[in-house]
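S.K.: For chain X, the structure is supplied; the task is to place chain L on it using the hints.
Protein sequences, first through last, are from chains X and L.
Here the numbering used here is used: the first residue of the first sequence is 1, the next is one more, and so on.
Here the numbering used here is used: the first residue of the second sequence is 1, the next is one more, and so on.
Mixed in with the good hints, there may be bad ones.
Identical copies carry no separate label here, and so any pair may be met within one copy or between two of them.
Said to hold, decoys possible - Keeping only pairs whose Cα atoms sit at most 20 Å apart, straight-line, the calculated EDC-like set for lysine to aspartate or glutamate is:
#1 K335 - E239
#2 K366 - D238
#3 K220 - E379
#4 K220 - E128
#5 K327 - E240
#6 K291 - E278
#7 K291 - D311
#8 K327 - E239
#9 K220 - D197
#10 K51 - E25
#11 K366 - D320
#12 K366 - E314
#13 K291 - E240
#14 K291 - D313
#15 K366 - E240
#16 K225 - E162
#17 K58 - E45
#18 K327 - E42
#19 K51 - D264
Hint data in this document are derived by calculation from the structure and do not stem from the laboratory.
Model, not experiment: these values are computed from the prediction.
Chain by chain, the residues:
2 protein chains.
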Amino acid sequence: MSEARESAIPNSERAALCRRYRLPEPVRVTRPTMPPLEKYHEYLETIWASKWLTNNGKLHEEFERRLAQYLGVEYVSLFCNGTIALLVALQARRINEGEVITTPFTFPATAHVLYWNRIRPVFCDIDETTLNLNPACIEHLIGPETKAIMPVHVFGTPCDIEAIQSIADRHGLDVIYDAAHAFGVRYKNRPIIEAGDLSVLSFHATKLFTSIEGGALISKTDAEKSRIDFLKNFGFADEETVIGPGINGKMNEFQAAYGLLQLDMIDDEIAHRRKLTELYREGLAQTPGIKVHQEVPDVQRNYAYFPVCVDADEYGTSRDALYDTLKEFNIFTRKYFYPLCSQFPCYTALPSADARNLPVAERVAKCVLCLPLYGTLNEDTVRTICAVVNGLCAH
Amino acid sequence: MSEARESAIPNSERAALCRRYRLPEPVRVTRPTMPPLEKYHEYLETIWASKWLTNNGKLHEEFERRLAQYLGVEYVSLFCNGTIALLVALQARRINEGEVITTPFTFPATAHVLYWNRIRPVFCDIDETTLNLNPACIEHLIGPETKAIMPVHVFGTPCDIEAIQSIADRHGLDVIYDAAHAFGVRYKNRPIIEAGDLSVLSFHATKLFTSIEGGALISKTDAEKSRIDFLKNFGFADEETVIGPGINGKMNEFQAAYGLLQLDMIDDEIAHRRKLTELYREGLAQTPGIKVHQEVPDVQRNYAYFPVCVDADEYGTSRDALYDTLKEFNIFTRKYFYPLCSQFPCYTALPSADARNLPVAERVAKCVLCLPLYGTLNEDTVRTICAVVNGLCAH
Chain X
1 MSEARESAIP NSERAALCRR YRLPEPVRVT RPTMPPLEKY HEYLETIWAS KWLTNNGKLH
61 EEFERRLAQY LGVEYVSLFC NGTIALLVAL QARRINEGEV ITTPFTFPAT AHVLYWNRIR
121 PVFCDIDETT LNLNPACIEH LIGPETKAIM PVHVFGTPCD IEAIQSIADR HGLDVIYDAA
181 HAFGVRYKNR PIIEAGDLSV LSFHATKLFT SIEGGALISK TDAEKSRIDF LKNFGFADEE
241 TVIGPGINGK MNEFQAAYGL LQLDMIDDEI AHRRKLTELY REGLAQTPGI KVHQEVPDVQ
301 RNYAYFPVCV DADEYGTSRD ALYDTLKEFN IFTRKYFYPL CSQFPCYTAL PSADARNLPV
361 AERVAKCVLC LPLYGTLNED TVRTICAVVN GLCAH
Chain L
1 MSEARESAIP NSERAALCRR YRLPEPVRVT RPTMPPLEKY HEYLETIWAS KWLTNNGKLH
61 EEFERRLAQY LGVEYVSLFC NGTIALLVAL QARRINEGEV ITTPFTFPAT AHVLYWNRIR
121 PVFCDIDETT LNLNPACIEH LIGPETKAIM PVHVFGTPCD IEAIQSIADR HGLDVIYDAA
181 HAFGVRYKNR PIIEAGDLSV LSFHATKLFT SIEGGALISK TDAEKSRIDF LKNFGFADEE
241 TVIGPGINGK MNEFQAAYGL LQLDMIDDEI AHRRKLTELY REGLAQTPGI KVHQEVPDVQ
301 RNYAYFPVCV DADEYGTSRD ALYDTLKEFN IFTRKYFYPL CSQFPCYTAL PSADARNLPV
361 AERVAKCVLC LPLYGTLNED TVRTICAVVN GLCAH
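This is chain X alone, in the form it adopts within the complex:
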């Protein structure tokens, strides 16, 4: 433990580097790009005039419509957050027992929504390059209790949707995508959220696109959207009819107003992040032991995150040591995702959680690090971060 946290470069050298490159203010891994407050205020005036705060208000309606348009899909249901959207996605498909195959390399919400729907997660290993579910590992995990596959487009990189769909079709399984990272991502010029049966987006404040907290569930038919909209409002189909055990998943007008303004900013946000991503790639291209994501054919990325993999041997310093040392430079990164969901006490007893079944995920979780990336991040700051990462390399 203490060894893994030590940096391989001498203290004196590190101190010199720190004097030169330490950032004047803490730089976090992300920061929301705020819309103009005056414009938000205009929306508030309409809320104050209508006195309608939540429950399918006018801004909610407008946001749902404009969001569907922007995303290029027909059916969007807004939620108070992405977790409740994912929870309702399973319920909408009546997946409430048995097993669902998913990735351990994800945010806890993915596994937890299975718990809430009475489902045993079956953790499946990931692909070293995409960091997503490895289709080659899925099929031998399918058993008589399997109901669905729930892949995650990690860091916005599309899963191998064709291979996954073909497995699902062969076995009659639903596919529900956790697309929390994949806002606006396109694959072969189609929205990635068209893949599978349902997809869920997250609009949390730390996301590329945000409605303060928030999320959306993308469905494919009128009937399914209706069912989802009932379920997110306690199951009410009308004042006197409750069609099932729903929940409160409603997005309020204040969130919808924020989301509407973000729609006007999202293309710029992606463009800025793309530029910064290119700077990072350039700045770290020659760093031994730092592996960065590259562009993937047929994929229009969203540049939501800038993850790197730290090869401790090549880089001369472990990921954990780099994470700690960067704090001294006022650079706050995230071990995203570490630990794996399969390592949480509540899931570790599952047979599929055995580390021996998840060699790639285990390895990646120990080396991954997300560097700061957000639209208002300064280009020079990115150059400085690269200089620090390069300077801390022991080779």
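M.R.: Frame of chain X; chain L shown alone:
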């Protein structure tokens, strides 16, 4: 059915009444009293300055502190809505299987959170006067699978907390109060939310006190509050430790700001509602077949709702007919609560849902009606509503 919806007074008489008393604008059952927009804007300026939108921000912290102070309790955990707070309450106590005894005369959320926690609801009949769980009916429903009692302080009227606690203690059961209606209610000069093991408040826009959407879970120890706060944030105890299958139940800064401003207004809101309640009581005191709630000894009410019970025989018109007819007068009431949770398709197969076991609840659900009540409701409007209800009486 059609019979029940018919009004007993002649059409011509009703038309005359309508010409005289029809309200110029629709009056809904409730309407939020908005804080001054300028004051809300001031909070927004601090949010824009900090760029901190959610996850335990400064306003969240301040709201939690000031709310605890106002309510007279020590431990408050804020939530995105009351339903998720109730869902987490059960999880916080590790109640995740077996049975919980609850009332069918409540909002669907009460029963649904049991579903989400893998618990079979056991519906127990209510008391005709308080409309709350009847303690005399609880004990014979307790079996080897019973884990807890989940009573509801319906319309803010305190449950018989002493009797319930004594049953719970005798059988070693938890008591979790759905206090969604009971903001600020005191019993024997103590906050009612001190009763039982945990209590949950709702701050939905339709509530007496609102944070747009929102809710709070009231606990009793440091350790319990910590556990709740972890669970509402996916189970994170720190960046790398997940203590259990949590959820996203976080209240954001925009909700907290709204809640803070409501704290400044709540005493006036209650005073206004009290005044209107007295007007209603006066106006309906002589109406045959319209039963209204009276003051209860030792109870400091919050005047959140004005429910009446319509005795179709005495009043000469059924509750359903009155509800429909009032719409013609631009008076929009609510059959709150109808139908009973035990009548939802998802619960109707439970043995305890049999109507024969719930005679009082069945009767009350068919006669209850909530009349418009909110702080900005005009006194003359209340007088008009009383005149209409009196005018529609067939006796």
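S.K.: What hints, given by number in increasing order, does this structure fail?
M.R.: 3, 4, 13, 16, 18
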